[in-house]
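Trainee: Since chain A is already given, all that's left is putting chains B, C and D on it; use the hints.
Number of protein chains: 4
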Amino acid sequence: MTIRIGVIGTGAIGEDHARRITHVLSGGHIVAVTDVNRSQAEAVVARLGLDARVYDDGHELIKAADVDALLVTSWGPTHEEFVLAAIKAGKYVFCEKPLATTAQGCLNIVNAEVAAGQRLVQIGFMRPYDRGYQLLKQAIDDNQIGEPLMVHCAHRNPTVPESYITSMAIVDTAIHELDVLRWLLNDDYKTVQVVYPRRTRNRFEHLADPQVVLIETHKGVRIDLEIFVNCQYGYDIQCSVVGETGIINLPEPQSLLVRSDARLSTAILTDWKQRFIDAYDIELQNFINGIAQGRIEGPTAWDGYAAAVAADACVKAQESGQIEAVVMAERPAFYNQ
Amino acid sequence: MTIRIGVIGTGAIGEDHARRITHVLSGGHIVAVTDVNRSQAEAVVARLGLDARVYDDGHELIKAADVDALLVTSWGPTHEEFVLAAIKAGKYVFCEKPLATTAQGCLNIVNAEVAAGQRLVQIGFMRPYDRGYQLLKQAIDDNQIGEPLMVHCAHRNPTVPESYITSMAIVDTAIHELDVLRWLLNDDYKTVQVVYPRRTRNRFEHLADPQVVLIETHKGVRIDLEIFVNCQYGYDIQCSVVGETGIINLPEPQSLLVRSDARLSTAILTDWKQRFIDAYDIELQNFINGIAQGRIEGPTAWDGYAAAVAADACVKAQESGQIEAVVMAERPAFYNQ
Amino acid sequence: MTIRIGVIGTGAIGEDHARRITHVLSGGHIVAVTDVNRSQAEAVVARLGLDARVYDDGHELIKAADVDALLVTSWGPTHEEFVLAAIKAGKYVFCEKPLATTAQGCLNIVNAEVAAGQRLVQIGFMRPYDRGYQLLKQAIDDNQIGEPLMVHCAHRNPTVPESYITSMAIVDTAIHELDVLRWLLNDDYKTVQVVYPRRTRNRFEHLADPQVVLIETHKGVRIDLEIFVNCQYGYDIQCSVVGETGIINLPEPQSLLVRSDARLSTAILTDWKQRFIDAYDIELQNFINGIAQGRIEGPTAWDGYAAAVAADACVKAQESGQIEAVVMAERPAFYNQ
Amino acid sequence: MTIRIGVIGTGAIGEDHARRITHVLSGGHIVAVTDVNRSQAEAVVARLGLDARVYDDGHELIKAADVDALLVTSWGPTHEEFVLAAIKAGKYVFCEKPLATTAQGCLNIVNAEVAAGQRLVQIGFMRPYDRGYQLLKQAIDDNQIGEPLMVHCAHRNPTVPESYITSMAIVDTAIHELDVLRWLLNDDYKTVQVVYPRRTRNRFEHLADPQVVLIETHKGVRIDLEIFVNCQYGYDIQCSVVGETGIINLPEPQSLLVRSDARLSTAILTDWKQRFIDAYDIELQNFINGIAQGRIEGPTAWDGYAAAVAADACVKAQESGQIEAVVMAERPAFYNQ
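Chains as they are written, first to last, in this note's numbering: chain A, 1 to 337; chain B, 1 to 337; chain C, 1 to 337; chain D, 1 to 337.
It is possible that part of the hints are untrue.
[Stated by the list, open to error] Calculated lysine-lysine pairs in the BS3-like style (CA-CA distance at most 25 angstroms, straight line):
no. : chain 1 : residue 1 : chain 2 : residue 2
1   : D       : Lys273    : C       : Lys137
2   : A       : Lys273    : B       : Lys97
3   : C       : Lys97     : C       : Lys63
4   : B       : Lys91     : B       : Lys219
5   : D       : Lys97     : D       : Lys190
6   : A       : Lys137    : B       : Lys273
7   : C       : Lys137    : C       : Lys219
8   : B       : Lys316    : B       : Lys219
9   : C       : Lys88     : C       : Lys137
10  : D       : Lys88     : C       : Lys273
11  : C       : Lys97     : C       : Lys273
12  : D       : Lys91     : D       : Lys137
Everything labelled a hint here was simulated from the structure, so no lab data went into it.
Next up, chain A with everything else stripped away, as it sits in the complex (with noise of 0.2 angstroms):
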């Protein structure tokens, strides 16, 4: 069985997954494309080989009878119009960060949702993919450290264009670790601050750089995030989690122990696209094995919903210099499983 996939956007991130899915995955078939520049979902077609039909309109693509599931990877101010018609058409989809722009759009699809009565949404959160994380995850699980008490994280990206402003920090960067240590710990944030180091000179004026987020659950683990964005040696994601008994560290990347010129050395990354490049494959190809088994298992609206609320809290924090809380809707039994 073959599911028939329509992708809403084929900018850089839609054509990459419409590759994916065409000459890495397997169960996938790219049957129709939409995007709000037509020529360039053409172009896309004709670059990977499609056998597509090319829509003029997402709404027009998602009733098509012969397509089964979505990727929405358009511009994300239209998400949440996009999720909540697949919904509405009870298919399957596929929707790339952020799910909607603000956490009520988010409580929104999360209610569509509900109301279908049958989970049909899956958000791309890939860290949960990475085997790094997966490891940390069954270690956790399997009570090899007691039960976590702190986690150490850090984000750290060589540079940022001077685009890149103090908020992004969270809404464009800590949303990552946002998303993945509520997953990791299966837990929920209390409170967070943001408190800011001494800036980097290597840096724009507008930026402050570094921050660190100071998290606390409700289990109450404490979490503290460095945020650095221009830490000029590389690209580079750190997770330690402190349990009752033990500590775990998420894997360094593959690379060669070397010895030269007076070091012995392995390589850090130096282009976030190379971390989780696995990653995204094994998120899209869970997303369509699970559809022809009738029940995706990835990240759900609920939460695409919770990593809003707390990005939310933590800009808020920013401002503030206060402890913020984060102040969260009420969990519908649905996303019990």
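Mentor: Same frame as chain A, but now just chains B, C and D:
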């Protein structure tokens, strides 16, 4: 374009490759299977949900008009016959190790392929598809350590069954290094020697374990390869290349770094099947992609022959205690590219 | 030239320093000892084979004409008195932690030393003599990572006895980091905050463990210091300095790399006495060598005062749950060099 | 009790040992020095501020009544003569490598010491005093890896001067492993073989570099020792012992772990003098302490002889290309303990 594949031999490895092509990889479709035990082939079709015809005979399957390419995963002594038949039929064929049970058998395949005037055969040496070995190869080819001068390797298993005899240290175990090191160094073997260290007491009386294989290549590189198949502690593949200006080591498999019980540690695999699991996927995907583009690029029939000749010399050296020459036929220009 | 040293207090640490000076180090000779328990002092003389006179009283010993320098290793509440007496006698004095039991007591010593017009006091903070911390300091001073922006630290013990109470996480444990980080960063503390993660169940009811101390320095560096004194797995001191262009980590103590039982591992210490054993030797040798050259250079009375003030602020922050200011007297120019 | 020591030969190593005893170690006092160049001896006395008499002649110094023990750090060819004289005088003597320039010369010393009926001689092999090697030894003796079966070693220097010739790879370089491995394994060598890998181009025409020394011990342990004295990247000593149940590796020298410039790295030493600097201190302190207790326990004259015999066999194997036997005199019971 989907490559239609027939599988000859549906034992463990044949079934696993069929699963891989059907549920993991892209671009291939299993349309035909056969096994000396027909019910076994039928069971695999059922288990994997294949849309494939079951043939009574490998030769019949090879000739089938709707079969574009073959997987030969039958009993070793039948490989030569089926590969030769595939070449005769002008079809691409992926043959699991060994290509043939004798060096002469391998040479027969080489000659047939040369006569056919086109590369049709890929032998199932998966290590060149391991990312770690690929990083080693790339570093050497990029001249990061100057010319390679020495290679220190180890191939260790936790235990082997009583049926494992001394010569199997070469033909079943060292054979993987004999293959991958030629590729890695872009070199051929000149002489081999085997020395026997003190034996471990954790083995059967009849087995000399560990062993050290000492190899000299045509370019003068010296390789020492430790084979230790009852090392108790894990399945561990080590490879360190010493060049004129630096040394590179095969990466350890990815693992959590753990602090617990007064140790700072990472895991060592104990099951060899885990070690190269990704390499099998990449290997077969590469074969399928190659066919789609009309040119396969994986390990050749000549590589199968070269490994067989080297293994024969090592077994001779095991018995003689002497330095033995590795004498190969002249390499057909066909295999230069 | 041999420095003639008198020891005030021959308990565990006093005896160990006497042993060190007599049997390990060069240039010092123990000529006088005293203890509130005279028989204890006599026993140490016998055990170590010292050629030393036993005094009934510390003040008498301080005045002895053949005593060039003092070690104050008596009960903490007596330190201030003996150090002040040593300064009055114009003699060098090495005082174990704490310099005094209150910040004011430390300040009294500072003022006396300033009045004396010469550096006479060294406080027994040994971490600056640890080779690992010296490598960190040198790398920072050599500008290898640009300006330090953040420091991530941990101080972990396997267990503590029931007598250990929550404030001791500061005054007995964090005190070492409060000292060494000022020296490492060449900076002073501005504010401190203490947060309490979920408690480990491997502790006594009365103890909050772990704790996280959050510090801001005058230069703006942000320090997070995890204190976890029942971590079970070992005695583990971590320090990672994040600078503008790179990150440096305190080295792990030297250990064999072992492959066994499916783990690749090094040992973690479990006994804190092993961790800084070399640093104690270097610290005291440095004190002796300094006297021989007429100028001691180790941690000063001011450093003892600064650590005391910081610890007081942390204890206040433990209780208030607020960010607390670290308010110090003005630093005498005497301590600038 | 202070041991009064006379130094014969005040070149670089002699001066360094005198400095060590005077300014770093405990329990020894340099009371006498001599050198073929008297002004050199006088200069050392002045530079180090020694309270020592300068003798015109080593034999005169050996006989001096106020000299308890000797350091022989003169030109190699004079060692045998001075050590024999020290034995005759019944005085303890620490002799730098080589004990004598021939195996026979070493045997003469062995015989003299046996005749004297007391251990008087310690040879300056410092590696057994290196903490890393001591950890290896302890792990083996504690049966942590079962019986040792193989040892993989490397001895690498960044470069050597043009005066370094092929045989020096044995007598100057491998000699350290020839000594330390006997001690480590508590074993003796049976045969040796030398093979020549492809030569590095970063060397002089006359020098075969690298070389691999293959050794079989009496217990059957197989050792491969890579000697590579123009490896460019650093001074690097590797030793990995493969036992029946696990593998232990000599620790890397302590170094900061650094993240910078897209590398995660530690430093490799480039100057051999840094590598065993602590071992020299411990070695001499151990010699002094041993004398104070009437029994020295460091490397013996027999160890010096054994290393000389092994080196002779290796040089023979360099020239013959054959496996050469290591033939030693019978070990006097005197050296069993």
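Trainee: List in ascending order the numbers of the hints, as given earlier, that are violated by the structure.
Mentor: 2, 4, 9, 10, 12
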